[in-house]
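*Asks:* In case you want the letters, here they are:
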Amino acid sequence: MYSLAPGWLSPAEWEVLILSLKVSGVAIVAALPASFALAWVLARWRFPGKVLVDALVHLPLVLPPVVTGWLLLIAFSPNAPLGGFLERTFGVTFLFRWTGAALAAAVMALPLMVRAMRLSLEAVDRRLENAARTLGAGPWRTFATVTLPLSANGILAALVLGLARSVGEFGATITFASNIPGETQTLPLAIYSALQMPGSDIQVARLAGLSVLLSVGALVLSEWLARRSGQEKGRHVL
Amino acid sequence: MSSDAPAFEISVTLKRGRPRLTYEFTAGPGLTALFGPSGAGKTSLLDAVAGLARPAQGRIAVSGTVLYDRAARIDLKPEQRRCGYVFQDLRLFPHHTVRDNLRYGWKLAEARRRSLGWDDTLDLLGIAPLLDRMPATLSGGEAQRVAIGRALLSGPAFLLMDEPLASVDAARRGEILGLIERIRSDLKLPILYVSHDRAEVERLADRIIPIPAP
Numbered sequence: 001m002y003s004l005a006p007g008w009l010s011p012a013e014w015e016v017l018i019l020s021l022k023v024s025g026v027a028i029v030a031a032l033p034a035s036f037a038l039a040w041v042l043a044r045w046r047f048p049g050k051v052l053v054d055a056l057v058h059l060p061l062v063l064p065p066v067v068t069g070w071l072l073l074i075a076f077s078p079n080a081p082l083g084g085f086l087e088r089t090f091g092v093t094f095l096f097r098w099t100g101a102a103l104a105a106a107v108m109a110l111p112l113m114v115r116a117m118r119l120s121l122e123a124v125d126r127r128l129e130n131a132a133r134t135l136g137a138g139p140w141r142t143f144a145t146v147t148l149p150l151s152a153n154g155i156l157a158a159l160v161l162g163l164a165r166s167v168g169e170f171g172a173t174i175t176f177a178s179n180i181p182g183e184t185q186t187l188p189l190a191i192y193s194a195l196q197m198p199g200s201d202i203q204v205a206r207l208a209g210l211s212v213l214l215s216v217g218a219l220v221l222s223e224w225l226a227r228r229s230g231q232e233k234g235r236h237v238l
Numbered sequence: 001m002s003s004d005a006p007a008f009e010i011s012v013t014l015k016r017g018r019p020r021l022t023y024e025f026t027a028g029p030g031l032t033a034l035f036g037p038s039g040a041g042k043t044s045l046l047d048a049v050a051g052l053a054r055p056a057q058g059r060i061a062v063s064g065t066v067l068y069d070r071a072a073r074i075d076l077k078p079e080q081r082r083c084g085y086v087f088q089d090l091r092l093f094p095h096h097t098v099r100d101n102l103r104y105g106w107k108l109a110e111a112r113r114r115s116l117g118w119d120d121t122l123d124l125l126g127i128a129p130l131l132d133r134m135p136a137t138l139s140g141g142e143a144q145r146v147a148i149g150r151a152l153l154s155g156p157a158f159l160l161m162d163e164p165l166a167s168v169d170a171a172r173r174g175e176i177l178g179l180i181e182r183i184r185s186d187l188k189l190p191i192l193y194v195s196h197d198r199a200e201v202e203r204l205a206d207r208i209i210p211i212p213a214p
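Quick note, the sequences are listed as chains C and L, same order.
Each residue of the first sequence is one higher than the last, beginning at 1 in the numbering used here.
Each residue of the second sequence is one higher than the last, beginning at 1 in the numbering used here.
What the hints contain is simulated information worked out from the structure, not anything from laboratory work.
Among the hints, erroneous ones may be present.
Straight-line Cα separation of at most 30 Å, DSBU-like style, residue types lysine-lysine; simulated pairs [claimed, not checked]:
#1 K77(L) with K50(C)
#2 K77(L) with K188(L)
#3 K15(L) with K50(C)
Next up, chain C with everything else stripped away, as it sits in the complex (with noise of 0.2 Å):
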């Protein structure tokens, strides 16, 4: 397989950013949903404990990363409740595996993207809802011609905040998911591993300058995105 790749990374480079890629990937599909319903819900709905919720949501933000990754260790390791569950259930682990990477990532990149699609979601007028509803459109349209689309840029901004943290993940996933080329070593992890070796000042450049790259290519897509979509002139993701 890396055979294939261009001469100008090498095997393990390309290991560690596809790796990068895919656990942020991951991360991100996974959190794109359950993010949206905890915006829709902290936007529109009024209930006792809601400010436990909005806490709950926001805890990543403000918790030490070693700390959210201490916890997730508790609540999914093999001999938790959550995790012997999940195991036996789905088959799915996470200690020491790439997709406890992208859980530690999802985590991180939660709140994040919550605040963005909440703001976005506040920000839509409901009584441009209201008028779809008398000329005929049910909830569900509603929601899919004025709700989304006034959103969207809302949306767009949580994905790229989102995939900035979870590419940028880095205390949790040691903690949680460990340091194991191949499986869980994303980009600052390799560039951590990299930095502990004397001599090895251009390998960290590189990967320093690999994550540069794609933080910059994505905040470009986002904005080309958002350009292409957004009707009137002015409108940035961030």
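Once you have looked at the hints, place chain L on chain C.
*Replies:* Just chain L now, kept in the frame of chain C:
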């Protein structure tokens, strides 16, 4: 639905702070004006008829169709009530062109319920040249005509008009007034019309229902 039923049978108490507002009237066909000062709760009543606000109690029927009846546990959803609501703040969809705003309700209305054709409506309102514009680029009068067009094209059984001259500058008011007169006499749709302007109401209305200040 019976043809000789009154156009509007309304007897509701609205949940709108204190004191609670109670409206009770029956009105025949044509244009019924709710006339009263701002803040008297006229818009709240239109919202209740449209199904956008739930009354505390009472009954609402239009042309014999019961839209809301607390005692009988009837509460049709807004999309089932077939009301053409022209909002005071217009509420054109900002992310759609004028054409797509007009098509929104048109697509959803059953063909047999479209009381007025697409081209006829555009001609009547003079909005054909505006089709490719975005709502943000329209003048007050243009936006008002598009909002009326969007309501008419959604195949309504009745119209609700909330201060349709509010966002129109003085020079254009006569034009919109003339349009509403034509809609009233040509389309035979019952219209519930809210205004605080006596001259406007006296010119348009078949009957006036005074709404006192709360």
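*Asks:* Each hint needs a verdict: does it hold in this structure or not?
*Replies:* Verification of the supplied hints:
no. : hint                : verdict
1   : K77(L) with K50(C)  : holds, 28 Å
2   : K77(L) with K188(L) : holds, 24 Å
3   : K15(L) with K50(C)  : holds, 25 Å
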